[in-house]
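Student: Residues per chain, in single letters:
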Amino acid sequence: MSDMYRDLILEHHRYPHNFGTLDPHDVSQEEHNPLCGDRIRLDLRIVDNKIAEVAFSGKGCAVSQAAASMLTDELIGMDLDQVRQYGKAELLELIGLPLDKNPVRLKCALLSLKALKVGVYRYLGQHIETDDLD
Amino acid sequence: MIKAPFDVATIRSQFPILQLPSERPVAFLDSASSSQKPEAVITALSDYYRTTNANVHRGVYQLSEQATFEFERARGRVALFINATHHREVIFTRNTTEAINLVAHAWGGSNLRAGDVVLLSQMEHHSNIVPWQLIAQRTGAVLRAIPIDSQGRLVLDDIDTLLQGVKILAITHQSNVLGTINPIAELTQKAHAVGALVLVDGAQSVPHMPVDVQALDIDFLAFSGHKMVGPTGVGVLWGRKALLDAMPPFLGGGSMIKTVTIESSTYADVPARFEAGTPMIGEAIALGAAVTYLMDIGMANIAAYEHQLSAYLIERLDEVPEVTWYGPPVGADRGAMAAFSMTGVHPHDIAQILDGEGVAVRAGHHCTQPLHAALDVPSSVRASCYLYTNTHDIDRLVRGLSKVKQLFG
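Protein chains in written order, with my numbering: chain U, 130 to 263; chain B, 56 to 464.
No lab work stands behind these hints: they were computed from the structure.
The beta carbon of each residue, even a glycine, is placed where N, CA and C say it ideally should be.
Mixed in with the good hints there might be a few duds.
[As the list claims (entries may be wrong)] Coverage of chain U stretches by chain B, computed from C-beta distances (three or more under 8 Å per stretch; other residues unrestricted):
#, segment
1, 133 to 140
2, 152 to 166
3, 246 to 256
Based on the provided sequences and hints, a complete structural model is requested.
Tutor: Written as structure tokens, this is what we have:
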């Protein structure tokens, strides 16, 4: 438990990075977790196939909000091919939470990643199966 | 401070899961979701598989006759438990959800017409909303909901208007979130006055208080075994025999027929008509043991004890200023549970931290999205008690909430 609420997570929850919305934007994708009602909206501005600006908004638990905060920090400057490669393993390493045995909270952590993947694939006119992110 | 009409320590000793060796035994406050099981029920279930296992209503051999006898005896116990006039009025289903679906489809499918109204309430569990939506889509019936006030009680000022055109009132006896105990007898009188039937979702009431179908004068009652110290996989639909007799089958298959040709079939009498296929024999027998267990303690005694737990739970939650709990104030119409929020902390985080402290609660919308929309919160934490809950469990909940404040403060 204490692992789940280590200082970094609580810090990002209290003072989220890149919180807000972008207008105009190239990508705006909202995802929600029907189990807990959490919502995350992720906005991106894309220049030369790279993420130039990013913002997230929404409501949710400390885990989903902190994960979104940390993920958005990672995204700035990332090119879209890298986004396509970026997955669950990378996110879990980034946030450093022991979620392998906690599938319910895993969904919380993955919500922003799902918004990212769905949004970017849609921007590229491609389809993505998100079963492993649900 | 709390004087139970029975010895809670003895009750707890009868539940193996509460006796597990552990440095920090779990304070189990999620009984509204599913209760723990006493030794008597676990033994009944395993004894069936060890000594009596055979299919029912089929074999001419002794083992099958014995299984049938035990299965039907469980039906009789359940009938006695809810004061049904006849054991044939008790249909074994998988759970409350299936029982409501059975009525929605079998009764609703043949009695609802376009424009007919199904009256629900804002505080219903999804299991008493979605089956009616499915049948409404098929029949053209419309759904209407009795609103709730800020204390989580039904607003009945306009009930006469709400009841216009209603063919069935499908309503929960006790809210699984607010703990509100609804005035079923009074509502039934009003519904019957306009010719509407009444289905009661008893999932949260039957385990916790005496429920007498004749005294309430209702038409259908649905409840689950696993919330009343019984096993999962078995629930009950009780219905008035005349209504059940007139209903077409819900599921087709073995056991529910009289004669079958390739072209058509004739159907068995109730309850067999609504019990297609091999039933949950062991689970039904174990439910019979659960009912016996509860009746030996006495439902009135359980209700009296839980009423005190309810008061204690609210009193202790009131000591935490960041907590907002939902539902009516402590009184006769509030069960021993509390859904609550805490300023600035998401329910999932609260539940997770409580879990770390050995306190098991539920976080989420508890299958009541329309209710949470009315409360204007996306989700909540729910602590719910049963006959084995003690004040120590509630004290540990409140201590856990201090930990939440400490982390998120």
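Student: Mind listing which of the numbered hints don't hold for this structure, in increasing order?
Tutor: 3
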